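Engineer: Since the structure of chain G is already known, use the hints to place chains F and S on it.
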Amino acid sequence: MDLSAINPAVLIASLMVAAVPIMLAATGELVVEKAGVLNLGVEGMMIMGAVCGLAIAVEAESPVLGFVAAAAGGAALSLIFAFLTQVLLANQVATGLALTLFGLGLSSLIGQGYVGIKPPPTPRLDFGPLTDIPVLGTILFRHDPVVYLSVLIIAAVWALLKFTRAGLILRAVGENHDAAHALGYKVQRIRLAAILFGGAMAGLGGAYISLVRVPQWTDGITAGAGWIALAIVVFASWKPWRILLGAYLFGGITVLQLNLQAAGARIPIEYLSMSPYLITILVLVIMSADRGRAALNAPAALGRNFHASR
Amino acid sequence: MTGTGEVLLRIEGLTKAYPGVVANSDVSFAVAPGEVHALLGENGAGKSTLVKMIYGLVKPDSGTMTLRGAAYAPSKPGVARQQGVAMVFQHFSLFEALNVAENVALGMQNPPGMRTLASRIRQVSQDYGLPLDPDRLVGDLSAGERQRVEIIRCLLQDPKLLIMDEPTSVLTPQEVDILFQTLRQLSAEGTAILYISHKLEEIRALCDAATILRRGKVVATCTPREKSARDLAEMMVGETLTPPARSAKAKGAVALEVSGLSVPSPNPFGTSLKNIGFSVQKGEILGIAGVAGNGQDELLLALSGEVRTARDRIRINGEGCGDAGPNERRRAGLVAAPEERLGHAAAPDMSLTENALLSGAVRKGLVSRGFIDWAATRAFAGQIVDGFDVRTPGIWVAARALSGGNLQKFVVGRELSQAPTVVVVNQPTWGVDASAAAAIRQALIDRAAEGAAVVVISQDLDELLEITDRFAALNGGRLTEPRPTQGLTVEEIGLMMGGAHGMEVAHHVHP
Amino acid sequence: MFILEKRPTPSRFWMAATPILAVILTMIAGGLMFAILGKDPFVAIRTIFWDPLFDPQFASYSRPQLLVKAGPLILIAIGLSLGFRAGIWNIGAEGQYIMGAIFGAAAGLAFYPSENRLIFPLMVAAGAFGGWVWAMIPAILRTRFRTNEILVSLLLVYVAQSLLASMALGALRSPDGGGFPGSRNLSQWATSANPELIVGTGMHWGVVTAFIAVIASYILLQRHILGFQIRLAGEAPRAARFAGVNPNRLVVLCLGVSGALAGLAGLFEVTGPAGQISIDFNSGYGFTAIIVAFLGRLNPIGILLAGLLMALTYIGGELAQFMLGLPSAAIQAFQGMLLFFLLAVDMLGNYRIRLGFGRAA
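Here the protein sequences come in this chain order: G, F and S.
If you want this note's numbering, it's the 1-based position in the first sequence plus 150.
If you want this note's numbering, it's the 1-based position in the second sequence plus 344.
If you want this note's numbering, it's the 1-based position in the third sequence plus 109.
Next up, chain G with everything else stripped away, as it sits in the complex (with noise of 0.2 Å):
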């Protein structure tokens, strides 16, 4: 196998555009955790958010309108998610489990019209003299603007959470709903907010793999993306930066196996492949074998539903 045809600066840019459709979802998932649902749905919700964009971009041209459409697509799946979950008090984890069995089968139904047609490419944000320069240059300033969009909502959330009001109502609501009704907010109100952003999220998180990863529609394209979005909610123990940091680290892995698999590595490509599922399941042991960090730091609400008694 041929090593030398890795070059790392190319590595680390293609791992930041891998890390991007996880990026997003994990962030919306995050918010939607912080609020107390558990939305197991994530990977329906990319799916059907990878198909309209898909979609769209198609039909309308633009990949602007795909992501617009992608985002959509995502939130109309979790609206059902959250009627069924906060007004008919449904259980949160079938539910969740209803969302990505009926996206994947719904996806598919919308997608067949696309088999093979390629979207409209997304045009890299033209940086002008910094993307010649070396290294830096191919890493930073090389990329569309979703890649930047990703880091700049992980921003936004961190902000939201920890310095405004709207994020210590939406932190309080997750910790103990009880307290929150008594005090006077709109529990399942705030907690619809908190599942449509998270299902806008995915939604552009899915289209960025329709639209740019692979780029064009088959079957289950996102290949279980929402269910490692969901570890990696886990991995960052709930805080927006580590979604980036664990992002990061599994786009690695992706993008390393895919190297090796190109560079013709002598392990089957069968295994190479499960590698980033493997390494999830990792990196989940490892986190949730430290009792009371998790314990203290996951919302204490989180899947259990909110009735007002009288």
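No wet-lab data here; the hints were simulated from the structure.
Keep in mind it's a predicted model, so treat the numbers as computed, not measured.
Among these hints, one or two may not hold up.
The calculated lysine to aspartate or glutamate pairs, modelled on EDC-like cross-linking and capped at a C-alpha distance of 16 Å, are [to be verified]:
| hint | chain 1 | residue 1 | chain 2 | residue 2 |
| --- | --- | --- | --- | --- |
| 1 | F | LYS504 | F | GLU350 |
| 2 | G | LYS312 | F | ASP479 |
| 3 | F | LYS595 | F | ASP790 |
| 4 | S | LYS115 | F | ASP693 |
| 5 | F | LYS420 | G | ASP328 |
| 6 | F | LYS561 | F | ASP370 |
| 7 | F | LYS543 | F | ASP521 |
| 8 | F | LYS543 | F | GLU810 |
| 9 | F | LYS543 | F | ASP804 |
Structural biologist: Quick look at chains F and S alone, frame taken from chain G:
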């Protein structure tokens, strides 16, 4: 302060009905500025619903409220707060993983920036003798300190009316004195206080007027200082209560022995037990007092076997049982009834029959070779329902359908019906109406008279003084040396419970 | 606006009626979806739910298929239902199904071309073992490290799929296959075949096992203390500890049983209807079984009926694809929709709906 004719809050004909129960029916009374007004009533008399309507959490079906002469109908707590009505809750309004300042901010309409808020918290807490550090996590605070957070949250809004729901249930007698000083100071400054309680002596000591509720209706309005505690009790309960009967009997051998018991709490914000030791003889009732959150839950878990420890730390009838699980301990003769009825002592959605099986399987022989004898289980459930006067349409109903008092009778009855030699109960009459509470206390006394060793963990001092032979207190996870209950003064009890918990000094010492 | 009001005691009527209501609602919504796709909704619904059983032309082929498809679904769903009741979420049955097939097939192929009669029982045991081992990974990680079993079991599906590909291309590839991926055909090797037991019924050993699992699970849940503990742990975990239930033991038990049953389903599939280990051997039974478990209200008899119904949508879906050109993905969406409607009406058992303008929750 009263009698000036000026009225701050007037309530007329408030009615609120829930399906199957009328919580409030045609309730009227008035509160003057600066008045400390008691709302007195048993559990389930409708006090909570009434104040929730005043605080805007619940909308009345009919009736009117006026505040300072203007119509007052808060649509949500925020509106109530804006108009100068603040409330200190008994439960459910603090966030453990957030710090004091954040908790305070969440209860305010337009909080200032965090830094300003922190300095205002320090200021107010000093003015009223309620020391509090704005940067600490609420989860790390004692129950008394948590209440201070709630009070300061209210005081920062300059309330005209302060509602306090059972505020002394989490305080030692010394802390109660300090709280009363604060409340009197507020009252002198013109803040009216609506004080909810069922503790009669407190109301006589503090309040200017009292409205007494029974089954949702106002049954009397009076000046509590002019009435005896007995008069108030009869107005509140509507019948004359006979105190439980006890007969002095010789004690038997030691049935439960605990020594050097130290257990870390299974909960992130719980209290670990530290070197606890005591023993209980057959026929004896040991009372364990303490303010909420000082290790009561952990002690029950350690005794029931849900949390295990070294074998010799706990001996039942001389047999080392510290490493045994709940069912092995039941086999050895120990039964337990945890505080939380729904979800811990009983499964809410399961029938009474299934709940009878839950802890009765071992001692009643309801399971053979793994297969359940449902006929025997139904018979056992029926026996509990009949023997303890559990009011229920049948043994098939879900546990959650029973009222608090009835479910508690079922839970205590289930444990006492198993001919145990050691009984451990935590808060046996919490949130239970007076007649059910009396029945439960009598059942515990009877069981002791039949030769069981009984441990009653309770935050209700009156209850402990009434039924126990010896008395100890939990404080920060440590247990005091048990002393004979007879002859203990309130002062001594307060000191056993930790005195004022350093309320005069600036910082709570957290072990 | 409407508000939900908790019933004092769960309603038995609605517990039984909700799945039926959900099916009706799904047919309406599904009909709408088919109409949007340009198909006559009534014809589509009839083709899916009626024709496979009663159409003179197709019924003779479709009827046996009902048991063939329902067998693995029921077998897997029964195992999952135990865990779901206890609040233990094994959603990686698809992976355990694959591993069961791989282990079982490998155990058999090791003796090829022997004709020893003990080989098939050995394969069955190996299949159950394969599923069990795969489920023990999340079980042990949860009990030892408190790792979330939902994520681990699901991620292991992707690992199992990669392993399946590697087996089909490598270790288990048929030496006589001319280099094409895929193992020897197990259903054509008498020693390892899992044939139709009664001609024209579709009944094979997997279906028999599924029926046995239904009965065993029914007895377990109704009469055995273990079944009671499983229900208790799901409904009130703290009460379960108080009752002396060891939560870790329950995790190992529930995941183990569901893994072993999924592994068995995989083994019976690979030796029967599927015939061989191939890259795309798994067809989503492990996921559909989740729907079956919920549709059956986690009740063994309910699961039996739900499994048959879900099998019908598979067969009917294929028929509709053939007859009306209805895309197969539409059936997948239809099945997902069914789960939604089920969850949506599920609260009727525990809550009453009151219309009117009450206080906002």
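Engineer: Does each hint hold? Answer for all of them.
Structural biologist: Hint check results:
1. F:LYS504 - F:GLU350: holds (13 Å)
2. G:LYS312 - F:ASP479: Holds - the C-alpha atoms of ASP479 of chain F and LYS312 of chain G are around 15 Å apart, at most 16 Å.
3. F:LYS595 - F:ASP790: Since the Cα atoms of LYS595 of chain F and ASP790 of chain F sit roughly 14 Å apart, the hinted pair holds (cutoff 16 Å).
4. S:LYS115 - F:ASP693: holds (11 Å)
5. F:LYS420 - G:ASP328: Roughly 15 Å separates the two Cα atoms, so the pair holds.
6. F:LYS561 - F:ASP370: Cα-Cα ~7 Å, so holds.
7. F:LYS543 - F:ASP521: holds (14 Å)
8. F:LYS543 - F:GLU810: With a Cα-Cα distance of about 15 Å, the restraint between LYS543 of chain F and GLU810 of chain F holds, given a limit of 16 Å.
9. F:LYS543 - F:ASP804: It holds: about 10 Å lies between the C-alpha atoms, which stays within 16 Å.
The structure is consistent with each of the numbered hints, conforming to all of them.
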